[in-house]
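Turn these sequences into a full structure, and let the hints guide you.
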Amino acid sequence: LTFNAGLCREVVGDLDGAADLYRRTLELEAGKDYPTAGLSRISSRRRAETQLAAHFAEPEDAFLAEGEEAQPSADSQGTGAGQD
28 LTFNAGLCRE VVGDLDGAAD LYRRTLELEA GKDYPTAGLS RISSRRRAET QLAAHFAEPE
88 DAFLAEGEEA QPSADSQGTG AGQD
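Okay, so the sequence shown: first residue is 28 according to the working numbering, each after it adds one.
What the hints contain is simulated information worked out from the structure, not anything from laboratory work.
Everything numeric in this text was worked out from a predicted model, so none of it was measured.
Please note that the accuracy of each hint is not assured.
[Claimed, not checked] Quick list of simulated restraints, FRET-style, between CB atoms:
1) 35 to 70: 14 to 22 Å
2) 68 to 28: 15 to 23 Å
3) 28 to 73: 18 to 26 Å
4) 85 to 55: 43 to 51 Å
5) 60 to 32: 17 to 25 Å
6) 78 to 28: 28 to 36 Å
7) 32 to 75: 21 to 29 Å
8) 63 to 35: 14 to 22 Å
9) 67 to 39: 16 to 24 Å
10) 82 to 54: 30 to 38 Å
All C-beta atoms in this analysis are idealised placements derived from N, C-alpha and C, irrespective of residue type, glycine included.
So, in structure tokens, the structure goes:
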């Protein structure tokens, strides 16, 4: 039952909850390979999501430290020239 609950959580995107249930299944049913396969899927999915986020990130995002925000460029701020 814990494995099936883990599958349900995995399907709806609750990867942390699914991983917890897969680990619990391993404790209850040591030696079974299907909970390990579930943990492997979650690990692969997280790795893929990280790679996609890095690939599609804005170029400036790659250079920002965590918690910093991009400063608007002079072009995007507007100087008021030519505006009514």
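Verification of the supplied hints:
1. 35 to 70: 14 to 22 Å: holds (19 Å)
2. 68 to 28: 15 to 23 Å: holds (19 Å)
3. 28 to 73: 18 to 26 Å: holds (25 Å)
4. 85 to 55: 43 to 51 Å: Holds, since residue 85 and residue 55 (Cβ atoms, about 45 Å apart) stay within the stated range.
5. 60 to 32: 17 to 25 Å: With Cβ atoms ~18 Å apart, the hint holds.
6. 78 to 28: 28 to 36 Å: holds (34 Å)
7. 32 to 75: 21 to 29 Å: With a Cβ separation near 24 Å, residue 32 and residue 75 satisfy 21 to 29 Å, so the hint holds.
8. 63 to 35: 14 to 22 Å: Since the Cβ atoms of residue 63 and residue 35 sit about 18 Å apart, the hinted range of 14 to 22 Å holds.
9. 67 to 39: 16 to 24 Å: Holds, since residue 67 and residue 39 (Cβ atoms, about 19 Å apart) stay within the stated range.
10. 82 to 54: 30 to 38 Å: The hint (30 to 38 Å, Cβ to Cβ) holds, given that residue 82 and residue 54 are roughly 37 Å apart.
Of the numbered hints listed earlier, not one is contradicted by the structure.
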